[in-house]
Every structure is written in structure tokens, then in C-alpha cells.
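Student: Next come the chains, spelled out residue by residue.
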Amino acid sequence: MTTVVKPPAQAERLPDAKRTSRRHKRGRAGGMSFTHRLRRDWPLLVMVLPVVVLLGVFHYFPTLGNVIAFQDYSPYAGIRGSEFIGFGNFQRMFAEPAFWKAVANTVSITAVQLAFFFPIPIALALLLNSVLSSKLRNLIQGVVYLPHFFSWVLVVSLFQQMIGGAGLLAQTLRDHGHQAVDLMTKPDTFILLVTAQAVWKDAGWGMIVFLAALSTISPELYESAAADGANRWRRLWHITLPGLRPVIVLLLILRLGDALTVGFEQFILQRSAVGGGAAEVLDTYVYYQGLLVGDFGYGAAAGLFKGVVGLVLVLLANRFAHMVGEQGVYSKS
Amino acid sequence: MSARAVWEEEPTPVGRFGKPVVLALIALAVAFPLYVVVVTSLSSTEAVTRAGGLVVVPRELTVAAYVQLLSGGVVTKALLISVGITAIGTAFSLGITVLAAYGLSRPGSLFHRPLLFIVLLTFLFGPGIIPSYLVVNALGLIDHYASLILPAAISAFNLIVMRSFFMGIPTELIDSARIDGAGEFAILRRIVLPLSKAVVAVVGLFYAVGYWNAFFNALLYINDNSKWPLQMVLRTYIVQQQPLPTGAGGVATGIAGLSPAPGLAIKMAIVVIAIVPVLLVYPFIQRHFQKGVIIGAVKG
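Chains as they are written, first to last, in full-length UniProt numbering: chain Z, 1 to 333; chain C, 1 to 300.
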């Protein structure tokens, strides 16, 4: 930044000075003994304790519980009593067509959402950003953010009432002497249905990041481009899109890293109506095999597969972000 | 910016007329389903019959469906459970999140980095459905309301948002309070919290909406259907279209002075009951968008 070149204005130096003083006081504890720091910081540790305990019990401890993926787990024998069978569950799973069907469904839903969901918030943000009246902008924002706060149960209910077998669309078609359609139970178009639901629920909300990025582009850039004779499309191409690029790349990478996660609730709610052939994704597969069939070890193996592959994808995606020169999700510092 | 900049060209006819049309269509896509559901929930048997199902044009409005649903029975019970879980869960989550966010907001304090790492690591992987179920089961929480709160009590995201906000509070304020002899708890209560009302409100609202909408944990952990929260009721009777139990224990069949509401109106009224609390808190959440709390948080 320019802070180095400019004469040290009071307002600009303040944050820096603050940070050094704090680090000096707390961070440079090289000479400070452990007991001294404990005596000083124990109230802070007490404050963090409840969260650490909860994360330990409901996050880290169950994570260790994934060992049952390598067991012929029986709820009566428990983890200690159940027999270890190595990769037996995984071998069975990899030989199971239903498992690969679930993987294929998950990946194709991700692909369709990347193609049809991902660009919509960007387009929406550009459209809204070009609206001059701030009142109208706020109103539209208020409306399109709203469905993000609805539960999936509610969203599926609303879709059912609009385009389901007893819904408004079927009703209208019947009234006009046409054949009624039920778009909620068709396996062939299910992938488009879930994408439409995702768009309805979250496209508006997805816009928020892009609006924030748009607001950081300096209006002077547009003005000088216009003075140089660039029309609105050239300004869009040469100023707006480059301005959005870091955010777009970041979100794209995040989504790719999350390729195996398409949301559990949306699919479990519609699985029985559409059938497992189209609506079975990895998460619902884990739920059905593990909890409903009661094959805990096998279900845990499928869940672990998803977790490990997902983790690898996130790490790869982040590495890739660094490679193309973007900030990525996290960095080493 | 409410006027077009001088250097900008005149809008094209397509832009001038197309843009409002597109925006109106988008707004309509959100609002229309809600409108139909509300109108149908308020319709009489006759209106529903005449429309042949969902009612678009309101005629003969009546609140019979709501009276029937809220005068005891499945939905009343589920509503009370959801309200209770949301209230208690939000207070609990917010409390421990505030404490931990402050506890982690002083870089260089003892174990600061490992503790922060424990929180951040939860972003990278989830424990998986089956092991989580087994732990909740082993703790004896199946069919216990605590299973709807404890496993989902902390959002690492909310915690980090609040921590960043706390770290932005000028150190001078905190240091001077410490010189005056205030302990960490006193500093949190008297200095930090009064300065952080906005972020506490937003995080609290996010937790509240989360608890209200939660369906997954109830599906996994609550088998006893007399303990179902509202979202489970919605799923069973609307999405899965199972018949609502009527009469004692179910939905009241008719209240003196009101003719019984049609089944469809009753179903739509359940949908509306699930929406209304979200609509009630939404303006408060939205107000903070403009203040930029959330945008700042999203940007990190």
C-alpha cells in the first residue's frame, strides 16, 4: 500500500502501531514462563472450554468413530467388541453398482449446477448493479435473499404445490383440457428440478459476494474507459469481469472442492417420490445403507470415502488456486 | 448513486424496458408461490372446490384452518417444540459462541493458535452421518430434545465472524479497562459486548433461523413422532402427503361458529406457520445487510 511512501499520517499509522503494541504485550512471550501465561490467560481458556468440549464430543470424537468403516460393526458388540475386517467394507462397496450410481448422480448434479446455477448469481449481480435507483435495488435484494432463509422442507413443499401432481401447474393444465404433468416425480428431469430448486433458494443469496466485489471496482475506471470511447459492453469485458475474476475463481474452486456434496436434505426429501435411481446421492446412500438397512460399518465406509475424497479435493482445489495466483481459501501464514 | 453518470450512454430501449420486466419476473418467482399458499390457507371449502385446488383469486376468506391447527393437536405441539428448541438453542449457541470468540480474540494468549486450529479444522471435514449417530446414541440422546441442540450448537463460521469483529475493537479500550482492574469476563460484558450489538444480533438471528429450519437432526435422532419439531411435521404431511390425523390428538375438526376448513387449506396453513417466523425476523437480518456486517463477514 501507499503507507510507506506517504508521510506518516496519524490515522494511517494507528492500526499498525496498535498491532505491534498488542503483539509486544502478548505475543512476545519468549521470556514469559508458562505458569505466568497460565495465570494471566486462564479466564480466556475457560471461555473457550465449552466450544472445545462440544467440538470434541460431536465433531472430533465421531471422526475417530470412523474406524467402524474397517469393522464388521455390530451395535450390540460396540466398537471394541466388533471384528476388524480391514478393507472388506470398501471392497464390497466398490463392487456395488448402486454405490457407483450414487457417485455418478452426485457428480452429474454438481456438473449441472456448475453449468446452470453458478453463472446466475453473477448475472443477477450485474443486472442489479446496473439499476440506478437504490430503493429499487434494496427492494429486489430483500426479495431475492429471502428464500435462502427457508428450510429445504419448505422449498420442496412450495415446489410441490406449484409444479407437483396436485399443484397449480397440473391444475391449470387440467382446467384447459391438457394432460396434467407431475414434474416432482419424474426421474428423467430430476436433475433439472433440483437445480431449479437450488436456483430459487440460493441464487439471490449467492449474489451478495459478487455485489460486494462490484462495489470495490473504482467508478473512475469506468469513467476513463468511457472517455477513451469504450462502450458499455467493452467496459463490462475489460473492467467489470476482470474485477470479479478473483471472486469467481475462488468460488469455482470451492465448488469443485465440494463436488461430492450436493446437500442431504433436498435429496432425502424427494428420494421416495422420484426413486433411488435418480435421487440417490452419496449422502443419502450413506443414510440408507447405514441407518435404515442397519449396515453401520458399510455406511460408515461410504461416508468415509466421501469425507476423504472431499478433503483431498478441497486441498487440491486450494493448491490450484495458489497456482493460478489467487488467494485461495486459506494459506500457510 | 441515483442518477446516471454523465459519461454513460443513453440506455437502449431493450435495457430501458427489458430490465424492469426481468426484475419484476424475478420478484414474482419468489413472491407468487408464497402468495398462493397464503391465499389457499385462508380459503373456505367452497373456494377451494371452485378453484379445483389451490386458490389464486381470493374469495371468502376464513381463518378456520389456523384455528383448527392451533387449538391443540399435532401441529400445535410441533410448533411449541420448534419454538422452544429455537429459543433455548439460540441462547445456548450464542452464549458459548460469544465466550469462545472473545477467548480466541487475543493473539498471543496461551494456546491461542492450537485452539483456533481446532475450530478452523472443522471447516475441512465433517465426522460423517453414521459415527455421529452412534455417538448421539451412546450418549442416550436419541428421542431427547438435546439431540436437536447439542450436535449442531456451534457454527465455526459464526464463531469466526464474531471473533474478527471482536479483534477489530480498539485495544486501548480493553487495555485501559484492564489497568482499571477489570477481569476478562468484566471486559467482555462491559466493554466488548456493548460495542458488538450488531454482530451479536446477526449471529443470533442466523442461529435462530438455523434451529427453526433444522430437519436433518430430527430425522436422525427423533423417532418418537410426538416429539417432532415443525419441519418434520411439514415433511410428513405435506412433502410425503400422509393423511393428517384428525380428531383427538390430531387436528381439531371444527370449532364452534366456524365451518371446518378444507384439507388443502389446513395443509397450506401448516406451510404458512413454518414461514411466518422467518418472515418476522427477516427484516432484522436484512437491516444488517445494509450496515455491511454480513458482507464484511463474507469477504472475511
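Be careful, since some hints might not be right.
[Claimed, not checked] Which stretches of chain C does chain Z cover? Using the computed rule of at least three CB atoms under 8 Å from a CB of chain Z, they are: (1) 71-83; (2) 118-130; (3) 210-223; (4) 229-236.
[Stated by the list, open to error] Okay, derived cross-link-like pairs now, DSS-like style, lysine-lysine, Cα gap no bigger than 30 Å in a straight line: (5) Z:Lys-101 with Z:Lys-186; (6) C:Lys-197 with Z:Lys-135; (7) C:Lys-77 with C:Lys-197; (8) Z:Lys-135 with C:Lys-77.
[Claimed, not checked] To be clear about the criterion: a stretch of chain Z counts as covered by chain C if any three or more of its residues have a C-beta under 8 Å from a C-beta of chain C, and this derived list gives those stretches: (9) 105-117; (10) 171-184; (11) 236-246; (12) 275-283.
Everything labelled a hint here was simulated from the structure, so no lab data went into it. Beta carbons: idealized from backbone N, C-alpha and C, even for Gly.
Student: Indicate, hint by hint, whether the structure satisfies it.
Tutor: Status of the hints after comparison with the structure:
1. 71-83: violated (count 0)
2. 118-130: holds (count 11)
3. 210-223: Answer holds; 7 residues pass the 8 Å Cβ test.
4. 229-236: holds (count 3)
5. Z:Lys-101 with Z:Lys-186: Between Lys-101 of chain Z and Lys-186 of chain Z the Cα gap is close to 17 Å, so the pair holds against 30 Å.
6. C:Lys-197 with Z:Lys-135: holds, 26 Å
7. C:Lys-77 with C:Lys-197: violated, 33 Å
8. Z:Lys-135 with C:Lys-77: violated, 41 Å
9. 105-117: Violated - the region 105-117 of chain Z has 0 residues with a Cβ nearer than 8 Å to chain C, which falls short of three.
10. 171-184: holds (count 3)
11. 236-246: violated (count 0)
12. 275-283: violated (count 1)
The structure does not agree with the numbered hints 1, 7, 8, 9, 11 and 12 stated previously, though it agrees with the rest.
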